[in-house]
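Student: Chains as they are written, first to last, in my numbering: chain A, 1 to 325; chain B, 1 to 298; chain C, 1 to 321.
Derived by calculation from the structure, the hints in this document are not laboratory data. The C-beta atom is built at its ideal place from N, Cα and C for all residues, glycine as well. A couple of the hints might just be wrong.
What the hints assert, rightly or not - DSSO-like mimics (lysine-lysine), calculated; alpha carbons at most 30 angstroms apart, straight line:
no.: 1; chain 1: A; residue 1: 201; chain 2: C; residue 2: 92
no.: 2; chain 1: A; residue 1: 205; chain 2: C; residue 2: 265
no.: 3; chain 1: C; residue 1: 135; chain 2: C; residue 2: 92
no.: 4; chain 1: C; residue 1: 92; chain 2: A; residue 2: 244
no.: 5; chain 1: B; residue 1: 194; chain 2: A; residue 2: 205
no.: 6; chain 1: A; residue 1: 136; chain 2: C; residue 2: 264
no.: 7; chain 1: A; residue 1: 150; chain 2: B; residue 2: 26
no.: 8; chain 1: A; residue 1: 201; chain 2: B; residue 2: 194
no.: 9; chain 1: C; residue 1: 264; chain 2: C; residue 2: 245
no.: 10; chain 1: B; residue 1: 202; chain 2: A; residue 2: 136
no.: 11; chain 1: A; residue 1: 150; chain 2: B; residue 2: 19
no.: 12; chain 1: C; residue 1: 266; chain 2: A; residue 2: 201
no.: 13; chain 1: A; residue 1: 203; chain 2: C; residue 2: 265
no.: 14; chain 1: B; residue 1: 92; chain 2: A; residue 2: 136
no.: 15; chain 1: A; residue 1: 136; chain 2: B; residue 2: 15
no.: 16; chain 1: C; residue 1: 264; chain 2: A; residue 2: 205
no.: 17; chain 1: C; residue 1: 245; chain 2: A; residue 2: 203
no.: 18; chain 1: C; residue 1: 266; chain 2: A; residue 2: 244
no.: 19; chain 1: C; residue 1: 264; chain 2: A; residue 2: 203
no.: 20; chain 1: A; residue 1: 321; chain 2: C; residue 2: 92
no.: 21; chain 1: A; residue 1: 201; chain 2: C; residue 2: 264
no.: 22; chain 1: B; residue 1: 194; chain 2: A; residue 2: 203
no.: 23; chain 1: C; residue 1: 266; chain 2: A; residue 2: 136
no.: 24; chain 1: A; residue 1: 136; chain 2: C; residue 2: 265
no.: 25; chain 1: C; residue 1: 265; chain 2: A; residue 2: 201
no.: 26; chain 1: B; residue 1: 26; chain 2: B; residue 2: 92
no.: 27; chain 1: A; residue 1: 150; chain 2: B; residue 2: 202
no.: 28; chain 1: A; residue 1: 244; chain 2: C; residue 2: 253
no.: 29; chain 1: A; residue 1: 150; chain 2: B; residue 2: 194
Stated by the list, open to error - Residues of chain B placed beyond 12 angstroms of chain A at every Cβ, according to the derived structure:
no.: 30; residue: 38
no.: 31; residue: 75
no.: 32; residue: 79
no.: 33; residue: 80
no.: 34; residue: 92
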Amino acid sequence: MSSVLNAINLRKYFRITTGLLGGRKYVRAVDGVTLDLLEGEVLALVGESGSGKSTLGRILVGLQRPDEGEVLYRGINIYSSGNSVSKKLRHRIQAVFQNPDSSLNPRMQIYDILKEAVLTRNPSLSDREVIEEIIKLLRSVGLVEDHIFKYPHELSGGEKQRIAIARALAVAPEVLIADEVVSALDISVRAQVMNVLMDVKEKYKLSMVFITHDMGLVWSISDRVAVMYLGKLVELGPTEEIFKEPLHPYTKMLLVSSPAAASATASKDLRFRARGEPPSPINPPKGCKFITRCPIAGSECSITEPELMEISRDRMVSCLKVLKI
Amino acid sequence: MEDELILRKVEEARKKRLKEMWSVFKNNRMAYLASYVLVAMYLMALVGIFITPYDPYDFDLSRARQAPSLSHPLGTDELGRDILSRIIAGAKYTLGISLMSVTIGALIGVMLGLISGYMGGLVDTVIQRAVDVALAFPTILLAIALIAALGQGVVSLIIAIAVSTFPVYARLVRGSVLQVINEDYIAVVKLLGKDPWYIMFKHVLPNITSPIIVQSTYYMGLAILLTSSLGFLGLGAPPPTPEWGSMIGSGRVYLFSSPHIVVSPGIFILVTALACNLVGDGLRDALDPKSRMFIRRV
Amino acid sequence: MGEKVLEVISLRVYYDLPQGTVRAVDDVSLDVRRREVIGIAGESGSGKSTLALAITGLLRPPAKVVSGKVLFNGVDILRLSEDELRRIRGRKIGVIFQDPNTYLNPIYTSGFQVAEVFEAHRGIHAKKYLNEVVKLFRLVKIADPERRVYAYPHQLSGGMKQRVLISMAIAERPDLIVADEPTSALDVTIQSEIMDLLAEIREETNTSIVMITHDLALLFEVADRVAIMYAGKLVELGRASDLIKDPLHPYTKALLSILRYERKKKLTSIPGSIPSLINPPPGCRFHPRCPYAFSKCSKIEPKAVNIDGRLVACHLVGGSE
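Please work from the sequences and hints to get the whole structure.
Tutor: Spelled out as structure tokens, the structure:
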């Protein structure tokens, strides 16, 4: 399978100033991430808040220029053309975000919101063709024509997220970055929206990066999983293998502490029941960043920072303990 | 469904939304009443010169400083001119100057604030430091200095007030822009590849209009007071222009012997400025989409 | 089974809004026994948060109690004055809320704020209680408690702040802890830790816990009994193990099947959306979304029936036919 999107050694530090004379400090949101998105796959990007998964999502979609590294869409660097992302590529990568209340312009009717997207792709369409297109989009996300006249505040959270999905589809993208799209929704609605998302993924032949903290959803929809901890990838591999045999102690912790994943994972080792919280990304520990919470850390872990290494076909992990064995 | 029907329904929904806003505004009794007062004041400014009972400039020392009577309902001033006629004729100066200056100040301030907030970085720093400098001057001193430099007259008055209002707009708009550009719908429009000007005017501006409009009504009130203050200081519209502030200024000598000369224009200034503020309050509620939101669940 | 600490009897709480009357809690009965963790689960608009407010005596207008009682140790909380309530709340009933940030004052140290709880109920100056606060912090597993009592809220992580809030809730060894979405603002890894902590606290302090959440998976891990609410109604109440094994109400069934994530299969979903509580559907409120609904469901409201200690409100169950 060929890859649609290649992220190469991405780095994004956010500068924070502390006090008037305080020195410069950096939050290492994304710290050297290399990742491929294969054609037609769903790549789940998981981690706690502060792991940098959302920042990585924003870099991949073209909203956040990385300090270092590049994002290649079909071999072309999307950040290459001076200041703004190359316009022709622009439409090929779209995103849907977490907060349904923030994703739609409150002053615009659904008609205007979708019309804008439809016309962006094909500016020469007549009113009639625009309406046909809008209706087609609404139907594909399970909504009806009556939604055209609504304003965002007249819709429920689930309906808003469907509109956000429809808008992303309007420009016929190839890659969709879905950042916690259902985590703000009620459980019964969550399943509806997830099903819509997976339907359109098939129908429009999308490749998708699915950012989430819900291991149950990861199990149910993803092909591969990338686990992030404090700005770094710590494990990467096919979903079934990761759930069957997680290698990195952090991955084990995520799986053990997630009730939703309980039925799916073979990992039940209670040593890995979560303890402590991630250290501040401003002052990460020396050596392996997970050392403060790791139940199997040894003395070498505080000295050497492990690299992400391929340990078998398609599986990568960065842990000294695992690599040594 | 027919396409035309859909387009018509889109239009209907748009109108319904405006109607909703209007009904929220109408429910605020004080604001609704104040809006009528304002309309009346501006009508007076428009047609004033044709409805004055006397010629506002016609002086006759023999009937100077007459108390209010049937023939002169608000009395006469120190030169024997009919005060009611002067107030009616003067509305166009006081209200015109404040409207013009706030409009100009708002236009400049909104542009600067939009650019400043949206572009960020060096542009933002430069604009905001300039705004800091402008804000550092007390409003009235800045206006006085400008009028001293430009010479007395209606145009310099408008410029002076506009210059002292725009920095506040620039600040206000920048703040609102910073809130709005963090919304996901802005990120999504960027993903459509739209250029910054399109995003600024099509998506950011409509979402910050309510603070701008509300601020403008408050500033209208303030500008009326400022116009009047400058008039009072003798820096406003030159005599014999019946500008309200100037009327108070020239009548202040007789404050104790003939208070009606000062009180009548004073009341008009007060009522207009108050009406502006009340309308501002009403608009703030009406323009907030959340205040009309149908509460589906608790 | 232990004695009843809390008893909610046919409680109705409505909100009078300009748009109409929201029937947020509509004829709900339930009891909490000593040393029991009872979970109340529901989606937004189910009325679970209103129920929490009623139990803690925190209902404020436009909410009004239309009928019913909330008996805490035999006393009706709804009839107490604000003063009497304050004496019970914090001392006999501990409360934990969703977002610790809004409940900790940024200008005081965390230790002082916990000590204030003692001050409020015992009337001696807060500073005298620092030792007890350190003990409490140890109980809620805050590392390095001697130092942390002097930490300001912004120096603590989200999970740590929630622990501080829990320590406040258990400071006076209450008979009942009401936790309203205690982990929703936290990361998955930290959620499980907090849940473990609450379970341990129950063991150590013999308190009862009412846990209100939308996170069913988490709830079934810790709760002894679970109540499922839908659109202001209690639809099923029973032992957590029974509910998981054999859900009786169609809504419970649907919720549980959503939680069974199957690899690369469509997720089970409930069609339609949560109804408005101003104009709830007639009859059974779940009937428009229910796959088993028949004609009776849209006309007659099902009464809760007791089946082997389990309450279910559904026409399909309990053979009233």
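Student: Next, verify each hint and record whether it holds.
Tutor: These are the hints, each one checked on the structure:
Distance check on the hinted pair: residue 201 of chain A and residue 92 of chain C sit about 53 angstroms apart at the alpha-carbon level, beyond 30 angstroms; violated. Pair hint residue 205 of chain A plus residue 265 of chain C holds up; C-alpha atoms about 17 angstroms apart against a cutoff of 30 angstroms. The suggested pairing of residue 135 of chain C with residue 92 of chain C holds, with an alpha-carbon distance near 19 angstroms, which does not exceed 30 angstroms. At most 30 angstroms may separate the alpha-carbon atoms for a hinted pair to count; residue 92 of chain C and residue 244 of chain A exceed this at roughly 46 angstroms.
Proposed proximity of residue 194 of chain B and residue 205 of chain A is supported: the alpha carbons are some 25 angstroms apart, at most 30 angstroms. With a CA separation close to 26 angstroms, the supplied pair residue 136 of chain A and residue 264 of chain C stays within the 30 angstroms bound. A C-alpha spacing of about 24 angstroms is found between residue 150 of chain A and residue 26 of chain B, which places the hinted pair at or below 30 angstroms, so the restraint holds. For the suggested pair residue 201 of chain A and residue 194 of chain B, the alpha carbons sit about 25 angstroms apart, so the restraint of at most 30 angstroms is met.
Simply put, residue 264 of chain C and residue 245 of chain C have alpha-carbon atoms about 24 angstroms apart, close enough for the 30 angstroms limit, and the pair holds. Distance check on the hinted pair: residue 202 of chain B and residue 136 of chain A sit about 25 angstroms apart at the alpha-carbon level, within 30 angstroms; holds. The hinted pair formed by residue 150 of chain A and residue 19 of chain B meets the criterion: a straight-line CA distance of about 15 angstroms does not exceed 30 angstroms. Only pairs whose Cα atoms come within 30 angstroms are accepted, and residue 266 of chain C paired with residue 201 of chain A is accepted, the gap being roughly 13 angstroms.
Between residue 203 of chain A and residue 265 of chain C the alpha-carbon distance is near 16 angstroms, which keeps this suggested pair within the 30 angstroms criterion. In summary, the hint linking residue 92 of chain B to residue 136 of chain A is not supported, as the alpha carbons are separated by about 56 angstroms, beyond the 30 angstroms threshold. Only pairs whose Cα atoms come within 30 angstroms are accepted, and residue 136 of chain A paired with residue 15 of chain B is accepted, the gap being roughly 26 angstroms. Between residue 264 of chain C and residue 205 of chain A, the direct Cα distance comes to roughly 16 angstroms. Compliance with the 30 angstroms bound is thereby established for this hinted pair.
Of the supplied pair hints, the one linking residue 245 of chain C and residue 203 of chain A is violated, its CA atoms being roughly 36 angstroms apart against a limit of 30 angstroms. Among the hinted pairs, residue 266 of chain C with residue 244 of chain A is consistent with the structure: their alpha-carbon atoms are about 21 angstroms apart, no more than 30 angstroms. Using a Cα cut-off of 30 angstroms, the hinted pair residue 264 of chain C and residue 203 of chain A holds, with the two alpha carbons roughly 16 angstroms apart. The straight-line distance between the Cα atoms of residue 321 of chain A and residue 92 of chain C is roughly 49 angstroms, outside the 30 angstroms bound, and the hint therefore fails.
As the CA atoms of residue 201 of chain A and residue 264 of chain C are separated by approximately 13 angstroms, the hinted pair is consistent with the 30 angstroms bound. Taken as a hint, the residue 194 of chain B and residue 203 of chain A pair is honoured in the structure, with Cα atoms around 27 angstroms apart against an allowance of 30 angstroms. This hinted pair checks out: residue 266 of chain C and residue 136 of chain A have alpha carbons roughly 22 angstroms apart, not beyond 30 angstroms. Annotation: proposed proximity of residue 136 of chain A to residue 265 of chain C holds, straight-line Cα distance about 25 angstroms (limit 30 angstroms).
Distance restraint check for residue 265 of chain C and residue 201 of chain A: the Cα-Cα separation of roughly 14 angstroms lies within the 30 angstroms cut-off, and the hinted pair is therefore satisfied. Taking the CA atoms of residue 26 of chain B and residue 92 of chain B, the gap is near 27 angstroms; set against the 30 angstroms cutoff, the hint holds. With a C-alpha separation of about 19 angstroms, the suggested pairing of residue 150 of chain A with residue 202 of chain B holds against the 30 angstroms cut-off. Pair hint residue 244 of chain A plus residue 253 of chain C holds up; C-alpha atoms about 27 angstroms apart against a cutoff of 30 angstroms.
Annotation: proposed proximity of residue 150 of chain A to residue 194 of chain B holds, straight-line Cα distance about 24 angstroms (limit 30 angstroms). Its beta-carbon lying about 25 angstroms from the closest one in chain A, residue 38 of chain B satisfies the requirement of being farther than 12 angstroms from that chain. Every C-beta of chain A lies more than 12 angstroms from that of residue 75 of chain B, the closest at about 51 angstroms, which supports listing it as non-interface. Consistency note on residue 79 of chain B: stated as away from chain A, and its beta-carbon is indeed over 12 angstroms from all of that chain's, at 54 angstroms minimum.
Every beta carbon of chain A lies more than 12 angstroms from that of residue 80 of chain B, the smallest distance being close to 56 angstroms; the non-interface claim holds. Every Cβ of chain A is farther than 12 angstroms from the Cβ of residue 92 of chain B; the closest lies at roughly 35 angstroms, confirming the non-interface assignment.
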